[in-house]
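Read in order, the letters of the sequence shown are residues -21 to -1, 1 to 233 in mature numbering (1 follows the signal peptide of the UniProt record, and there is no 0).
Since the hints were made in silico from the structure, they are not lab data.
Errors might be hidden in some of the hints.
Calculated lysine-lysine pairs in the DSS-like style (CA-CA distance at most 27 Å, straight line) [as the list claims (entries may be wrong)]:
1) LYS51 to LYS85
2) LYS163 to LYS175
3) LYS163 to LYS85
4) LYS184 to LYS85
5) LYS163 to LYS184
6) LYS175 to LYS85
7) LYS177 to LYS163
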Amino acid sequence: MLGHFVVVALIQLLTGGGINGDCDNTCATNPKRDCSCFESRLSREPYGFNTFIQPDRNLPAFEVQCSNLDGKLWTVIQAREEFNAADLAPDGFDRTYAEYRDGFGKLTGNYWLGLHKVHALTTAVDMSMRLEMYNAQYDLLHGQYDVFRVAGASHNYRLTVAGHSGNAASTIASDSNGQQFSAKGQDSGGDECPAKFKAGWWYAKGQPSCATCTPNGPLATDQLGQMGCDTNGFGRERATSVTMLITPESYLAK
């Protein structure tokens, strides 16, 4: 299975550097409420593609990156790679609540799609989430959740997550299910977790540990503030890239 940043390079190579996909007229006027426009020629790309979607017709369409994993299309909502860290220097993923709400970074590098957009995606249809982590040797660990839903701004983007499978990130549901999002400038849990972990996340309210899996946390340390997420499968290695992806739950069952 190809990792996110290899896929990005292949997309740019195959499309001559361009990343925007064109939907046909039918799809443009009646957008699909999932990863992308399946009517588009881009849906046949073996590695993935970028396109515009509109899960909430009351909001403007926005661009997303779609990744083809074993023949299934996923929408990338977060991507991090240590060697592309300069994309987001100097703050990395230690961003304000407003930045996490609106999104930051570039689709061709490190980025966070934005809570408002993820809310729209996960409200339009029932979604599953997959977390992929690679080390420097390109070994893969992953965790997948059958249910992944983000509430709206009035609920501080509260997370509903359940149904784990895979060999990593097994504690996201126990730590983060039912939790509101916290980031610099808005500590929804009141435990200073965004400052401790230097990242925005759905931290466990009232728990000093905050969370045992923080995919937005620093990659380069094994101390407090690490990403965590059951990376013991890497042995002495650590994760150097992380990707979060979502796709319709019903789509995976086909």
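Now the hints, each set against the structure:
A threshold of 27 Å between alpha carbons decides the hint, and for LYS51 with LYS85 the separation of about 23 Å falls inside it, so the pair holds. For the hint pairing LYS163 with LYS175, the CA-to-CA distance comes to about 11 Å; that is within 27 Å, so the pair holds. Between the alpha carbons of LYS163 and LYS85 the distance comes to roughly 21 Å, so the proposed pair stays at or under 27 Å and holds. Distance restraint check for LYS184 and LYS85: the Cα-Cα separation of roughly 31 Å exceeds the 27 Å cut-off, and the hinted pair is therefore not satisfied.
At roughly 16 Å between alpha-carbon atoms, LYS163 and LYS184 fall within 27 Å of each other, so this suggested pair holds. Taking the CA atoms of LYS175 and LYS85, the gap is about 26 Å. The hint holds against a cut of 27 Å. Straight-line distance between C-alpha atoms of LYS177 and LYS163 comes to about 8 Å, which keeps the hinted pair within the 27 Å bound.
The structure fails to meet hint 4 from the earlier list, while all remaining hints are met.
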